[in-house]
Amino acid sequence: MSLIDLSGNFLFIAFIAYLVGTLLFGGAIKNTKPDGAAKRADNWGKLAIIVTVVGFLAHLAYFITRWIYTGHAPVSNMFEFTTAFGMFIIGAFILIYYMYRISALGLIALPVAILIIGYAAMFPSEADPLVPSLQSYWLTIHVITAAMGQSILAISAVAGLLYLLKAVDPKSKTKSRFWMEAVLYFCFLVVGFILATVIFKGMGYEANFSYVNAQGKELEITYNMPAVFGMNDYTLLTDGKMEPLVEMPPVINAKKLTTVFWSFVIGSVVYLLVRLISRKRILEMLHPLVQKVNLNLLDEVGYRSVLIGFPVFTLGALVFAMIWAQEAWGRYWGWDPKEVWALITWLFYAAYLHLRLSKGWEGKKSAWLALIGFAIILFNLIVVNLVIAGLHSYA
Amino acid sequence: MEKLICVCGHENPAGTKLCGKCGRPLTEEAKESKIVDMKYDGAAIRSKTRNKSIVDKVWNFFSSVKVGIALIIINLVAASIGTIFPQEFYISVSTEAEKAAYYEDTYGSIGKLYYELGLSDVYNAWWFQILVGMLAISIIVASIDRGIPLHRSLKNQRVKRHESFMKRQRVVAEGPVANGDPAQTLNMIEEKMKSLKYKVRRDGNALLAERGRFSRYGPYINHCGLIIFLAAVMLRLVPGFYVDESMWVREGEVRAVPGMEGYFIENEAFILELHDNEKTENQELQGVNAVAKNFQTNAKLYKQAEDAVPGQTDNLELVKEYSIRVNHPLQYEGYSFYQMDFRMNELSVMNFQLTNKETGEALGPVSIDLTNPQDEYIINEQAKVELLGYYPDFSGFENGEPQTLTPTPNNPAFIFKMTTPEHPDGEVSFVAIQQTIEPNGDNEYKMAFQGVETRNMSGLTVHKDSSIPLLAVGGAIFMIGVAIGSYWNHRRLWVEQLEDGTIRLAAHTNKNWFGMKKDLDAVSEYAKLPKYLDQSEEIEEKEGDSAL
Ligand code: HEM
Numbered sequence: 041m042s043l044i045d046l047s048g049n050f051l052f053i054a055f056i057a058y059l060v061g062t063l064l065f066g067g068a069i070k071n072t073k074p075d076g077a078a079k080r081a082d083n084w085g086k087l088a089i090i091v092t093v094v095g096f097l098a099h100l101a102y103f104i105t106r107w108i109y110t111g112h113a114p115v116s117n118m119f120e121f122t123t124a125f126g127m128f129i130i131g132a133f134i135l136i137y138y139m140y141r142i143s144a145l146g147l148i149a150l151p152v153a154i155l156i157i158g159y160a161a162m163f164p165s166e167a168d169p170l171v172p173s174l175q176s177y178w179l180t181i182h183v184i185t186a187a188m189g190q191s192i193l194a195i196s197a198v199a200g201l202l203y204l205l206k207a208v209d210p211k212s213k214t215k216s217r218f219w220m221e222a223v224l225y226f227c228f229l230v231v232g233f234i235l236a237t238v239i240f241k242g243m244g245y246e247a248n249f250s251y252v253n254a255q256g257k258e259l260e261i262t263y264n265m266p267a268v269f270g271m272n273d274y275t276l277l278t279d280g281k282m283e284p285l286v287e288m289p290p291v292i293n294a295k296k297l298t299t300v301f302w303s304f305v306i307g308s309v310v311y312l313l314v315r316l317i318s319r320k321r322i323l324e325m326l327h328p329l330v331q332k333v334n335l336n337l338l339d340e341v342g343y344r345s346v347l348i349g350f351p352v353f354t355l356g357a358l359v360f361a362m363i364w365a366q367e368a369w370g371r372y373w374g375w376d377p378k379e380v381w382a383l384i385t386w387l388f389y390a391a392y393l394h395l396r397l398s399k400g401w402e403g404k405k406s407a408w409l410a411l412i413g414f415a416i417i418l419f420n421l422i423v424v425n426l427v428i429a430g431l432h433s434y435a
Numbered sequence: 020m021e022k023l024i025c026v027c028g029h030e031n032p033a034g035t036k037l038c039g040k041c042g043r044p045l046t047e048e049a050k051e052s053k054i055v056d057m058k059y060d061g062a063a064i065r066s067k068t069r070n071k072s073i074v075d076k077v078w079n080f081f082s083s084v085k086v087g088i089a090l091i092i093i094n095l096v097a098a099s100i101g102t103i104f105p106q107e108f109y110i111s112v113s114t115e116a117e118k119a120a121y122y123e124d125t126y127g128s129i130g131k132l133y134y135e136l137g138l139s140d141v142y143n144a145w146w147f148q149i150l151v152g153m154l155a156i157s158i159i160v161a162s163i164d165r166g167i168p169l170h171r172s173l174k175n176q177r178v179k180r181h182e183s184f185m186k187r188q189r190v191v192a193e194g195p196v197a198n199g200d201p202a203q204t205l206n207m208i209e210e211k212m213k214s215l216k217y218k219v220r221r222d223g224n225a226l227l228a229e230r231g232r233f234s235r236y237g238p239y240i241n242h243c244g245l246i247i248f249l250a251a252v253m254l255r256l257v258p259g260f261y262v263d264e265s266m267w268v269r270e271g272e273v274r275a276v277p278g279m280e281g282y283f284i285e286n287e288a289f290i291l292e293l294h295d296n297e298k299t300e301n302q303e304l305q306g307v308n309a310v311a312k313n314f315q316t317n318a319k320l321y322k323q324a325e326d327a328v329p330g331q332t333d334n335l336e337l338v339k340e341y342s343i344r345v346n347h348p349l350q351y352e353g354y355s356f357y358q359m360d361f362r363m364n365e366l367s368v369m370n371f372q373l374t375n376k377e378t379g380e381a382l383g384p385v386s387i388d389l390t391n392p393q394d395e396y397i398i399n400e401q402a403k404v405e406l407l408g409y410y411p412d413f414s415g416f417e418n419g420e421p422q423t424l425t426p427t428p429n430n431p432a433f434i435f436k437m438t439t440p441e442h443p444d445g446e447v448s449f450v451a452i453q454q455t456i457e458p459n460g461d462n463e464y465k466m467a468f469q470g471v472e473t474r475n476m477s478g479l480t481v482h483k484d485s486s487i488p489l490l491a492v493g494g495a496i497f498m499i500g501v502a503i504g505s506y507w508n509h510r511r512l513w514v515e516q517l518e519d520g521t522i523r524l525a526a527h528t529n530k531n532w533f534g535m536k537k538d539l540d541a542v543s544e545y546a547k548l549p550k551y552l553d554q555s556e557e558i559e560e561k562e563g564d565s566a567l
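Listed in order, the protein sequences are those of chains A and B.
Numbers in my numbering are just positions in the first sequence, counted from 1, shifted up by 40.
Numbers in my numbering are just positions in the second sequence, counted from 1, shifted up by 19.
A few of these clues could be false.
In silico lysine-lysine, DSSO-like type, Cα no more than 27 angstroms apart, as pairs [said to hold, decoys possible]:
id, chain 1, residue 1, chain 2, residue 2
1, A, LYS296, B, LYS537
2, A, LYS378, B, LYS53
3, B, LYS53, A, LYS404
4, A, LYS296, B, LYS131
5, B, LYS298, A, LYS404
6, A, LYS405, B, LYS85
7, B, LYS174, A, LYS405
8, B, LYS537, A, LYS332
9, B, LYS536, A, LYS404
10, A, LYS257, B, LYS536
11, B, LYS483, A, LYS378
12, B, LYS537, A, LYS86
Calculated directly from the structure, the hints in this document are not laboratory data.
Computed from a predicted structure; not experimentally measured.
Start from the sequences and build out the full structure, keeping to the hints where you can.
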């Protein structure tokens with residue numbers, strides 16, 4: 041077996057371990073009667089964390105073997121970076137777990153990592169050659185530290201989500217209930233994206249188009265999903281494939297829009313099916329599972345993870361980034377979109393910390409802020425990489 | 020200024036929440052609250068004590084954390100606006116009109132609006148810089164406002180605190196010692212707390228155990244670092260502090276370095292290497308054929324002799340030879356040369372033969388250096404070619420005159436006057452690539468095109484930034500400050516043993532209650548202290564257990 045295959049297998053093992061770990065954490069927090077259930081829960085919890093650690097080690101083995109194979113830190117395309125991000129989230133969870141021993145966190149952290157790895161797997165997993173500016177050990181240091189910082193910050197969102205799952209009453213019609221359901225719905229959209237990619241790939245769907253870009257150049261593009269939106273001035277080149285329904289102006293990448301469309305459709309169908317079968321909101325299904333968590337403690341976990349993550353993030357995403365930029369381009373700061381969004385993330389968490397200084401910005405409000413912070417991190421990962429053009433764009 | 024006199028007799032400045040000596044609540048609000056506000060240990064902050072003059076009002080505005088947060092958010096939003104469309108410095112057009120056209124053509128009317136509102140250059144807008152400036156002022160003012168009183172109250176802590184202070188802490192306990200010798204209790208607490216790395220002070224029947232006080236200074240240190248950093252950024256505006264020039268050097272050329280008086284750089288060769296991998300799926304998706312592996316300029320840096328005339332290139336002294344690559348700038352005396360751009364295969368020399376059209380007889384070669392053409396090329400005594408006109412980037416005729424778009428030899432065109440034995444007065448011919456015009460009808464001779472020589476050109480930028488050391492200092496202080504404030508926390512335990520031997524205790528931490536409680540559990544177990552109560556959990560109505 042070649043090193044790269046071995047590496048892929050390690051990743052697969054990690055993925056399976058996280059799935060099993062999620063189930064075990066589910067068992068650990070199940071609300072059963074006190075006839076020795078506490079002890080049983082404890083055993084489940086112990087097993088769950090062991091499986092998680094094993095998964096993490098396999099994930100690390102993936103990372104290291106791929107590093108050896110490609111000769112550079114595997115963080116240089118969308119697949120590699122996102123997979124590593126998933127790994128660091130698990131790492132950060134393990135760290136916080138050993139500080140606070142809250143099993144219920146695993147019930148959120150593991151599925152989040154699973155979704156992130158699933159998302160990563162939808163991108164080409166081949167190793168790409170590095171352009172000259174990326175051939176620097178500062179790249180390695182910068183990206184890995186920044187991703188670690190983001191992952192620790194992400195744990196505050198995990199704690200926040202858990203907090204809100206318990207604190208938001210699924211029975212009363214409130215704004216919080218609406219937004220919680222929206223957050224959970226978003227998770228279904230990620231599932232929708234994964235399903236859409238897998239389904240159409242499985243069907244071998246491919247349709248070629250020619251189109252004209254903003255500069256008036258004629259180019260070709262391949263869609264891997266039925267084209268709902270057509271590129272500017274498109275012509276279908278493959279026989280027997282669907283003609284787009286709507287044509288888009290050249291600023292909009294209609295191919296990506298089509299992907300978003302199918303993710304929405306499929307994600308929403310799955311969401312509606314689950315709602316129809318259970319006849320409950322997703323929030324209502326999860327709410328009873330988390331009754332035993334201690335809100336005060338969760339609030340502190342959220343705050344502590346921001347405190348721990350903030351300096352790491354600053355170091356990786358700003359300090360090391362500036363050193364590298366200085367070395368590569370002679371300017372430590374260039375207002376590139378990705379840079380700006382790192383700054384925005386940083387300012388946002390600074391605002392979070394300062395808001396906690398004034399009373400009332402603890403508990404629920406703080407939990408919501410943590411979720412917004414994670415949304416900014418995801419925005420930086422997904423939208424800034426894939427939609428906004430810049431030095432860092434992956435596609 | 021008005022003073023608040025506590026029942027214990029201590030004089031406190033107006034605005035103080037908790038007496039600086041005994042800790043008794045002084046304000047109505049503090050008296051009514053179940054858990055007191057321990058920010059700044061209840062000390063009065065400057066902004067709470069004065070509010071008369073304009074200066075006070077401005078001061079109070081900037082010291083408010085609410086205002087500070089608002090400024091952080093406003094800066095955040097303003098910065099994000101600049102990422103909607105690419106900023107002007109990322110698009111490769113230069114004139115205002117071209118920029119306006121670019122935004123309108125590429126992004127339609129929204130793009131036009133974006134440009135007209137100046138959002139296409141947000142980060143250089145005056146209002147953006149004012150926002151950053153206000154943030155900086157806010158940081159400075161707030162830090163002075165709170166830092167000094169906090170420092171005072173931390174330094175002057177009394178061991179003994181009043182009951183009303185103790186009872187209003189978040190974690191409290193009161194009751195008899197479970198078993199053992201009450202007379203030994205304080206000693207045991209001291210012993211245990213010391214083993215937990217606390218500093219312990221005693222005052223009669225009272226005890227104060229404290230740990231990690233220095234972490235309270237973390238935010239002030241990091242704010243200080245931020246300010247130094249911002250100041251360093253501003254230093255760039257000082258003339259001479261900052262050099263940022265770009266230059267093009269062709270292979271074989273020696274050019275004066277802009278912004279670096281008396282220095283010349285030579286481009287010996289420009290090298291472009293490509294990866295020879297099979298096209299990956301991502302390359303396929305992005306329509307990239309080959310990925311660059313290396314951009315490199317083999318450069319020589321020269322210094323002019325001391326007494327040389329400015330611009331003179333003889334007598335140069337080689338000071339450094341280096342292969343400039345991306346991520347590997349040439350560095351010399353604070354200046355750095357970066358590999359930024361390149362142009363491959365620029366036309367450098369065009370070769371012709373002066374040829375008789377009919378017989379095909381060649382009189383001799385003419386080789387024209389396109390960056391440095393001569394007026395006259397003498398072949399022999401009777402034959403020469405004069406260059407009447409040279410158009411390096413020929414773009415067509417206007418009123419019969421040939422035009423050139425740029426001074427770069429992208430599409431060279433010439434007007435030759437060919438003097439030959441048959442035509443001592445010369446024949447005139449206009450020659451461009453794939454085009455020849457003979458204004459006087461049929462010439463006997465022509466300039467037969469033989470071929471071109473090309474060379475590469477490197478785009479380098481020259482940088483000097485003397486603010487970097489200060490920037491690094493600011494950044495380092497910031498990092499140290501955040502680390503201190505984030506990874507350490509201030510924990511305090513006040514204990515008083517009452518006359519009847521019972522224990523009253525209260526604990527406070529600025530961050531890590533989980534850790535504080537662990538310490539409390541340890542000392543309670545050891546010294547058999549009464550069970551403590553977290554009053555905030557009571558308020559939250561206790562649900563579930565923390566074991567999970
Ligand atoms: C981007 C700008 C800023 C950054 C990165 C920053 C950073 C920080 C950090 C990391 C802390 C510690 C927070 C904690 O431990 O929970 C802090 C505390 C604080 N900051 Fe800032 N800050 C910034 C701007 C401001 C501004 C504009 C104000 C003005 C009101 C301000 C006022 C304070 C105050 C009063 C504290 C609390 C100090 C204490 O606990 O004694 N900061 N800051």
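Hints, verified against the model:
no.	hint	result
1	LYS296(A) / LYS537(B)	violated (52 angstroms)
2	LYS378(A) / LYS53(B)	violated (46 angstroms)
3	LYS53(B) / LYS404(A)	holds (21 angstroms)
4	LYS296(A) / LYS131(B)	holds (25 angstroms)
5	LYS298(B) / LYS404(A)	violated (50 angstroms)
6	LYS405(A) / LYS85(B)	holds (16 angstroms)
7	LYS174(B) / LYS405(A)	violated (34 angstroms)
8	LYS537(B) / LYS332(A)	holds (21 angstroms)
9	LYS536(B) / LYS404(A)	holds (23 angstroms)
10	LYS257(A) / LYS536(B)	violated (67 angstroms)
11	LYS483(B) / LYS378(A)	holds (25 angstroms)
12	LYS537(B) / LYS86(A)	holds (21 angstroms)
In this structure, the hints that do not hold are numbers 1, 2, 5, 7, 10, in rising order.
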